[in-house]
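Take these sequences, add in the hints, and give me the full structure.
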Amino acid sequence: MKLKSNGALALKNNFQNFLFVLPAFAIFCIFYIYPFYKMINLSFYDWRGIGPMHFIGLSNYQELMHDHLWWNSIWHAGYITLIALTFQNALAFFLAMACDREIRLKRFYRVVFFIPPVLSEVVVGLIWNWILNPETQNGQYIGLLNHLLYASGFPQMVHDWLADPATALSTIAIVNSWKGFGWGFIIMLAGLQTIDKQLYEAAKIDGAGTWKTFTNVTVPMMLPVILVVMILTILGCMQVFVLILAMVNEGLVNYTDVPVTRIFSAMQNTNQFGYACAEAVIFGMILVCISFITKKLSDKVKHA
Amino acid sequence: MRRLASVCCCLVLACLAGCSQPPQPSNKLILWHWMTDRQDTLQKLAQEYKEKTGIEVAVQLFAPSESYSQKVIAAAQANVLPDIYGILDKKSIVADFIKAGLVTDLTPDMEAGGGVWKNSLYAKALADKSFDPGNSYGIKPGIYGVPIDVTNEQMLYNKKLLAKAGIKNPPQTFDDFLKDAHLLRRVGITPFVAGWGELWLLDCFASNYAFNIMGEQKVFDTFRGKVKYTDPDWLKVFGVFAQLYKNGVLMNGIVTKGNKYAEQDFALERAAFAFNGSWCVNVYKEMNPKLDYGVIPPPPISNAYPLKIWGSAGSTFVVNAQSPNKDKAIAFLKWLTSEKQQEVLARETNNLPSNRQATVAVSPILRDFSKGMEESTHPNIWPLNEDPTVSEAFDRGLQAILIGDKTPEQVAQEVQKVKDQQMAKHNRRR
Chain A
1 MKLKSNGALA LKNNFQNFLF VLPAFAIFCI FYIYPFYKMI NLSFYDWRGI
51 GPMHFIGLSN YQELMHDHLW WNSIWHAGYI TLIALTFQNA LAFFLAMACD
101 REIRLKRFYR VVFFIPPVLS EVVVGLIWNW ILNPETQNGQ YIGLLNHLLY
151 ASGFPQMVHD WLADPATALS TIAIVNSWKG FGWGFIIMLA GLQTIDKQLY
201 EAAKIDGAGT WKTFTNVTVP MMLPVILVVM ILTILGCMQV FVLILAMVNE
251 GLVNYTDVPV TRIFSAMQNT NQFGYACAEA VIFGMILVCI SFITKKLSDK
301 VKHA
Chain B
1 MRRLASVCCC LVLACLAGCS QPPQPSNKLI LWHWMTDRQD TLQKLAQEYK
51 EKTGIEVAVQ LFAPSESYSQ KVIAAAQANV LPDIYGILDK KSIVADFIKA
101 GLVTDLTPDM EAGGGVWKNS LYAKALADKS FDPGNSYGIK PGIYGVPIDV
151 TNEQMLYNKK LLAKAGIKNP PQTFDDFLKD AHLLRRVGIT PFVAGWGELW
201 LLDCFASNYA FNIMGEQKVF DTFRGKVKYT DPDWLKVFGV FAQLYKNGVL
251 MNGIVTKGNK YAEQDFALER AAFAFNGSWC VNVYKEMNPK LDYGVIPPPP
301 ISNAYPLKIW GSAGSTFVVN AQSPNKDKAI AFLKWLTSEK QQEVLARETN
351 NLPSNRQATV AVSPILRDFS KGMEESTHPN IWPLNEDPTV SEAFDRGLQA
401 ILIGDKTPEQ VAQEVQKVKD QQMAKHNRRR
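Chains as they are written, first to last, in the numbering used here: chain A, 1 to 304; chain B, 1 to 430.
Just so you know, the hints here were simulated from the structure itself, not pulled from any lab data. None of the values given here were measured: they were computed from a predicted structure. Among the hints, erroneous ones may be present.
Unchecked claim - One side of the interface only, derived from the structure: several residues of chain A facing chain B at Cβ under 8 Å:
| # | residue |
| --- | --- |
| 1 | R48 |
| 2 | A98 |
| 3 | E102 |
| 4 | G139 |
| 5 | L162 |
| 6 | A166 |
| 7 | G207 |
| 8 | N249 |
| 9 | E250 |
| 10 | N254 |
| 11 | N271 |
To be verified - Here are the simulated DSSO-like pairs of lysine-lysine, each with C-alpha atoms no more than 27 Å apart in a straight line:
| # | chain 1 | residue 1 | chain 2 | residue 2 |
| --- | --- | --- | --- | --- |
| 12 | A | K106 | A | K204 |
| 13 | B | K99 | A | K38 |
| 14 | B | K226 | B | K236 |
| 15 | B | K160 | B | K50 |
| 16 | B | K236 | B | K52 |
| 17 | A | K38 | B | K326 |
| 18 | B | K99 | B | K334 |
| 19 | A | K38 | B | K52 |
| 20 | B | K340 | B | K118 |
| 21 | B | K90 | B | K417 |
| 22 | A | K38 | B | K425 |
| 23 | B | K50 | B | K326 |
To be verified - Okay, the calculated bits of chain B under chain A, using three or more residues with CB under 8 Å as the criterion:
| # | segment |
| --- | --- |
| 24 | 76 to 90 |
| 25 | 97 to 111 |
| 26 | 253 to 266 |
| 27 | 400 to 408 |
Don't be surprised by glycine CBs; every beta carbon is placed ideally from N, CA and C.
Following this line, the structure appears as C-alpha cells:
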C-alpha cells in the first residue's frame, strides 16, 4: 500500500515536472521537429506548393545527383567560404592583433571594424552595387571603384565586375568577406585579450623575437578561438543568400548560384517544392558533415 | 497541482473549440494585397465603401510581393485565406487554388444583366484569371478573378537624348533601333537599359520577338514539344539578343540589373531607351518629374507576324470560395471596379484602370500605354505555358548571350536538352 502511494507520488511529481517542460517541448516540436520531418517527407513527393502531391520515392534525389547546376552551386558556396576562411579571417586576425596593442584611437577602430557586420545584407548589397556600378554618365564613371581606377591612371582595370563570369563570384566573395570580417575580429580580439601577458614576458626573457612570439605563443593560444571562428565562417558563408540577391538579383547566368539561391529558385520560380526540399536535405547533410569534421578537428587541437 | 492541470485542459479544449468553429458571416471583409503604392488609396476607398454600405473592408498589406506570394500559399495550405486576396503565381498554380476550392467562380456575377460588369472591363485583363472551355488545366470554364488595373510592357524613349543624337523619330523597325543605337553611342549616350537581372522581364522581351518571328502557334507548338528550340526561327529569336550585344546597344551590367536600378538609370537620363511596364509612369514621376519621354512597342524585326507585347491584368483579386461573406466580397469588388472608383485609383496611383471607361482619367503617357492593351498577349492567357525549368534555362541562356558568353546556337542546344529532359521526366512520372 505504501509502495503504491510512493509510486503514485513519483508519477504525480513526474507529471508536474513534465508540465513545466511541456511549453518549451511543444514549441520545439512545432517549430523545429515538425518542419524538419515535413521537409524530409516532402522531398519524396512531386508537389507544386498547392494541389495534389504525388509520391515519387527517391526520384528527386536521383535527379539531384545528376543536376550539375546544383553541384556547381555547392562549389560556388565553397569558393566564397574559402575566400572568407583565408582572406576574411586573416584580415580579422591581424586587425585584432593591431587593436590589441596600445595604439591611438583603438576604440574608434573597434567600432569602425564592427560596422559592416551589423549592417543589413540588403544595405551592403546596395552600397556595393553603387561602388561597383560600371556605367558612365557625361564621360564620368558612376561607380566609385571604376572612377578611382580611371582617375588614378589605371583605365585598363576599369571593369564590369558583377556582369563578367570571370569576376562576378570573386567580387561577391570579397564583399561577403568585407561584411563578415567584423565578427571574426571581435571574437579574435576577445581571444587575444585572454592570453596571459606573462607568457609574452617569459618569451621575451627567453630571447624570442616578434615572429617567434607570434608562432610559439599567440598562434597556439589562439587556436581554439580560430577554430570557432572557422566553424562560424563555414556555416555562415555556405548559407550566403541575401547578399547575392541584393547584388546580382536572380544571378548572372548560373555563375553566381549558391545552394540557397537554387533552393529558393526551385520553390519560387519553378514551383518544385519537393525538389527544393530534397536540395535542402542534401545541403543540410553537407553542413552537418562539415560541422562534424570541424568539431573533430577542434577536439584534436584542444587535446593536443 | 490539480488546479494547474485543469487550467491546462481548459486551455486545450478552448483552443480545440476555437479551431473547429466555422467562420460566421459578418459585416467585415478582409482583403490581402501586396501593393505598397496602392495601400493608401485602397484604404481611402474602403472607408468610403463603409460609409456607403456599412460594410467594413480591412485592407491588409503584405509586401514585398515574393513574401506575399509565400504567405498566400501557406494560408491556402492552412485554409485561413481572407475573403478577398490575389494569387501572384503562374496560371497552373491559380488552377491548383481553384481545384482546392479556394476561388469563387465569378462568371454568374460577371454575366448578370447582359454582362454589364464583364463588358466594362478590358477583356485581356479578365482573361488573366479566366479559363476557356477545354483548357489544359482541367478547370471548369469561367471567370475567376477581378482585375483592378491593367499593365503592359513596352519600350520607352527619352526625347531629349534622341534629339541630342540627331534622331527625329523613334525607331519603327529593329534595324532602325540598331542604327539609332550607333548614333547614340557616337555622342556618348548609352542606348538601352532594362532590369534584365529579373528574368521575367527578359522572358517578356524575348517572347515579344518570338511572336513576331514565328507567330503564336509555333511558339505554343514549341511548348508542346512539337518544335525544337534549335529551329531556325528560335535561332533568330536568340539572335536578337546577340545583335543587341554585338552592336553595343546595352547598358553595362544589364544582365544583373534589378528593374528598380534600370528605372533609376532611365529616369536620370543615363540611357535613351528602356523596356518597362506601365507602372513606370508613377516611378519616373517621382524620380524625375521633368523627364520627357514617349512610348512605343519594341520595334519589330520581321513582317511575318505581328509583334505582340505583354499586357494583362496588373493586379487581380479573387474571392475565397470558402468565405461566408462571398456575396459581400463580390459586391465590393464590383464597386471597386466601377468607373468612379477606377478613376480615383488611376488618378492617385498612376496605373492603367481595368475599366475601359475610366481611361479618360489617365495621363497622356498612360493613354499611350493603354493603346497597346487590345493587341497584347500574356502567358496567363495562353492556352499553355512552357515548363518553368525550361523557361529558366531559356532565360539564363539569353543572359549568357547578352554577356557574349555563348552563341545563339549553343544556347538553343542547351535549352532543347533541358526541354527533352523535362519531357522525358514528365512522361516517366505520368
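These are the hints, each one checked on the structure:
no.: 1; hint: R48; verdict: 6 Å, holds
no.: 2; hint: A98; verdict: 36 Å, violated
no.: 3; hint: E102; verdict: 45 Å, violated
no.: 4; hint: G139; verdict: 6 Å, holds
no.: 5; hint: L162; verdict: 5 Å, holds
no.: 6; hint: A166; verdict: 10 Å, violated
no.: 7; hint: G207; verdict: 56 Å, violated
no.: 8; hint: N249; verdict: 3 Å, holds
no.: 9; hint: E250; verdict: 5 Å, holds
no.: 10; hint: N254; verdict: 6 Å, holds
no.: 11; hint: N271; verdict: 6 Å, holds
no.: 12; hint: K106(A) with K204(A); verdict: 24 Å, holds
no.: 13; hint: K99(B) with K38(A); verdict: 23 Å, holds
no.: 14; hint: K226(B) with K236(B); verdict: 18 Å, holds
no.: 15; hint: K160(B) with K50(B); verdict: 47 Å, violated
no.: 16; hint: K236(B) with K52(B); verdict: 57 Å, violated
no.: 17; hint: K38(A) with K326(B); verdict: 33 Å, violated
no.: 18; hint: K99(B) with K334(B); verdict: 24 Å, holds
no.: 19; hint: K38(A) with K52(B); verdict: 47 Å, violated
no.: 20; hint: K340(B) with K118(B); verdict: 16 Å, holds
no.: 21; hint: K90(B) with K417(B); verdict: 23 Å, holds
no.: 22; hint: K38(A) with K425(B); verdict: 24 Å, holds
no.: 23; hint: K50(B) with K326(B); verdict: 17 Å, holds
no.: 24; hint: 76 to 90; verdict: holds (count 4)
no.: 25; hint: 97 to 111; verdict: holds (count 3)
no.: 26; hint: 253 to 266; verdict: holds (count 8)
no.: 27; hint: 400 to 408; verdict: holds (count 3)
The structure does not agree with the numbered hints 2, 3, 6, 7, 15, 16, 17, 19 stated previously, though it agrees with the rest.
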